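Residue-level listing of the chains:
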Amino acid sequence: GAVVSQHPSWVICKSGTSVKIECRSLDFQATTMFWYRQFPKQSLMLMATSNEGSKATYEQGVEKDKFLINHASLTLSTLTVTSAHPEDSSFYICSAPLGLNSPLHFGNGTRLTVT
Amino acid sequence: LAKTTQPISMDSYEGQEVNITCSHNNIATNDYITWYQQFPSQGPRFIIQGYKTKVTNEVASLFIPADRKSSTLSLPRVSLSDTAVYYCLVGLNNAGNMLTFGGGTRLMVKP
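Heads up: the protein sequence lines correspond to chains A and B, in order.
According to the numbering used here, the first sequence is numbered sequentially starting from 116.
According to the numbering used here, the second sequence is numbered sequentially starting from 30.
One or more of the hints may lead you astray.
[Stated by the list, open to error] Computed cross-link-like contacts, BS3-like style, restricted to lysine-lysine with a CA-CA straight-line distance of at most 30 angstroms: (1) K139(B) - K83(B); (2) K81(B) - K32(B); (3) K32(B) - K156(A); (4) K32(B) - K98(B); (5) K170(A) - K135(A); (6) K32(B) - K181(A); (7) K135(A) - K156(A); (8) K32(B) - K83(B); (9) K181(A) - K129(A); (10) K32(B) - K170(A); (11) K156(A) - K181(A); (12) K98(B) - K156(A); (13) K129(A) - K156(A); (14) K135(A) - K181(A); (15) K156(A) - K139(B); (16) K32(B) - K179(A).
These are computed hints drawn from the structure, not numbers from a lab.
These figures come from a predicted structure and were not determined experimentally.
Okay, chain A solo, but in the shape it has when bound (with noise of 0.2 angstroms):
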């Protein structure tokens, strides 16, 4: 069964608005998630590292004040992309190791329509 669960699936906004995105870890505690985007037949590109109880560290070119991450526990991070253009519409995943000398686990993914 899943072990990172992504919500919402699917999300439509208008241009402006803000819409967040949760990634949670289950059954086991991650104090480090990651957070990517994937556009068409693209493959997908890291935007952040979220820490648990520190700041994100976001790659370069991401914006941090457009693509605000929180992770205030162990089993939840989230994304929001704030004013939201249609150049943001994307496919935003989220993935977490189970532990140290483990492979990523990801979720299912959100899909982003901004119009």
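Following the hints, complete the assembly by docking chain B onto the known chain A.
Chain B only, in chain A's frame:
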């Protein structure tokens, strides 16, 4: 982080064995090799992971030569449902160092 190179696409037929090779010439001593499968509009799913020689599980085998500069994912007797994109990742096997996805291989299984 070691860069990976895979064929962009492959075609196969049901019941055949499929081998997808990934090149990772600058793999580091501590790096593990991990393969993921992704269906459209879903997150990647872990298939198999290895460090050297051969690893086998219920769905696939992973062959890694002695120099570890490449690896081959072997899918026995594929079915239509194995049509997906397969990604090879190389990196440290601890909290999230396998971060970078290459282009992946789009496998099409035909009837």
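Okay, the hints, checked on the actual structure:
no., hint, in the structure
1, K139(B) - K83(B), "holds, 28 angstroms"
2, K81(B) - K32(B), "holds, 18 angstroms"
3, K32(B) - K156(A), "holds, 20 angstroms"
4, K32(B) - K98(B), "holds, 11 angstroms"
5, K170(A) - K135(A), "holds, 17 angstroms"
6, K32(B) - K181(A), "holds, 29 angstroms"
7, K135(A) - K156(A), "holds, 24 angstroms"
8, K32(B) - K83(B), "holds, 21 angstroms"
9, K181(A) - K129(A), "holds, 15 angstroms"
10, K32(B) - K170(A), "holds, 28 angstroms"
11, K156(A) - K181(A), "holds, 24 angstroms"
12, K98(B) - K156(A), "holds, 27 angstroms"
13, K129(A) - K156(A), "holds, 24 angstroms"
14, K135(A) - K181(A), "holds, 12 angstroms"
15, K156(A) - K139(B), "holds, 20 angstroms"
16, K32(B) - K179(A), "holds, 26 angstroms"
In this structure, none of the earlier numbered hints is contradicted; all agree with it.
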